[in-house]
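Novice: Same order as they appear, the protein sequences are chains A and B. Residue numbers for the first sequence follow the numbering used here, so the first one is 1 and each next one is one higher. Residue numbers for the second sequence follow the numbering used here, so the first one is 1 and each next one is one higher.
There's no promise every hint is true.
[Unchecked claim] In silico contact screen, one side only, chain B against chain A (beta carbon under 8 angstroms); selected entries: (1) Leu6; (2) Ala13; (3) Pro14; (4) Ile26; (5) Glu27; (6) Arg45; (7) Leu86.
The set of hints was computed from the structure by calculation and includes no laboratory data. Just so it is clear, CB atoms sit at the ideal spot from N, CA and C, and this is done for glycine as well.
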Amino acid sequence: MLAARAALGDVASFSELVRIHERGVRAFLRRLAGEGADDLAQETFLKAWRMAPAWRGEGSYRGWLLRIAWRQFLSDRRRRRPGPPIESEPSIPPDETIRIDVARALARLPDRERAAALLCFGEGCSHAEAAAVLGLPLGTLKSIVARARTILVRQLEGHER
Amino acid sequence: MRADALLHELLAAPEREPDEVFTRRIERLVLAERSLRSARRRVLRQFVAELAALASLAVAVQLIRRLAPPDSEGAILSSPPAIGVLMLLLVWLCAATRTEFLPADH
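With the rest of the complex left out, here is chain A (with noise of 0.2 angstroms):
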């Protein structure tokens, strides 16, 4: 197993598991964070890499792994002010208007609803796992997620009247 080798200090391990899950993080941190995504995208993998001891295979890796995307993101936002997140493309766009709509929509929601959403529609997290990677209890994190839905799917209503 990848994870337990990497947790053994084997890097070539270690840099599979980051070619399997960057794009996942990556995208999960575009979206929260807009620029600079890519340099917390680094730090969340060389963190994971320092934790890589720790990891006592609860969960998947990449639920741990968004887990430490969010707390990065989190740290570096009371930090600094970053700018606004990146409306990013669509695996298939079935209506550019559409698209856009809801990614503004998605960019105007709090931190914590916008990674909710991402992680349960975007990244097919289940409340379980979305939950664990938050940091919120399950009945917290459902009542995020259906805030969340209810204003991405009136601008989808939008466009359907």
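Assemble chain B onto chain A, guided by the hints.
Specialist: Coordinates of chain B only, in the frame set by chain A:
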């Protein structure tokens, strides 16, 4: 449900090949950090060894000072304090030279 599917589609991370440049950059940083840590550990070990050597030398000097004036050279070397001094000097010699024979990555 359609809205959820659409949200998933809009918010999913874009499909692309792994970014090899980013991966290699992280790998280089990890390797650099590992060698830096190893160098730090080596310096710390060397410092501790030299501190121990210095301490044993200081104790040896103290013991020599306490020795009574000897009758002869043979007598001083066979006396218990002198043997103690010689042992301490041996410890100092071992500690001082030990780090020079350690492998670079330890």
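Novice: Taking the closest Cβ pair, is Ile26 (chain B) under 8 angstroms from chain A?
Specialist: Hint on Ile26 (chain B): holds, closest Cβ of chain A at ~5 angstroms, below 8 angstroms.
Novice: Is the hint on Ala13 (chain B) kept, meaning its closest Cβ partner in chain A is under 8 angstroms away?
Specialist: holds (3 angstroms)
Novice: Is the shortest C-beta separation between Pro14 (chain B) and chain A less than 8 angstroms?
Specialist: It holds, given that the least Cβ distance between Pro14 (chain B) and chain A is near 5 angstroms, below 8 angstroms.
Novice: Less than 8 angstroms between beta-carbons is the criterion; does Leu86 (chain B) satisfy it with respect to chain A?
Specialist: violated (43 angstroms)
Novice: Have a go at the Arg45 (chain B) hint: is there a Cβ in chain A nearer than 8 angstroms to its own Cβ?
Specialist: Since the shortest Cβ distance to chain A is 19 angstroms, the answer is violated.
Novice: Per the CB criterion, is Leu6 (chain B) less than 8 angstroms away from chain A?
Specialist: holds (6 angstroms)
Novice: Is the shortest C-beta separation between Glu27 (chain B) and chain A less than 8 angstroms?
Specialist: holds (5 angstroms)
Checked against the numbered hints given earlier, the structure breaks hints 6, 7 and satisfies all the rest.
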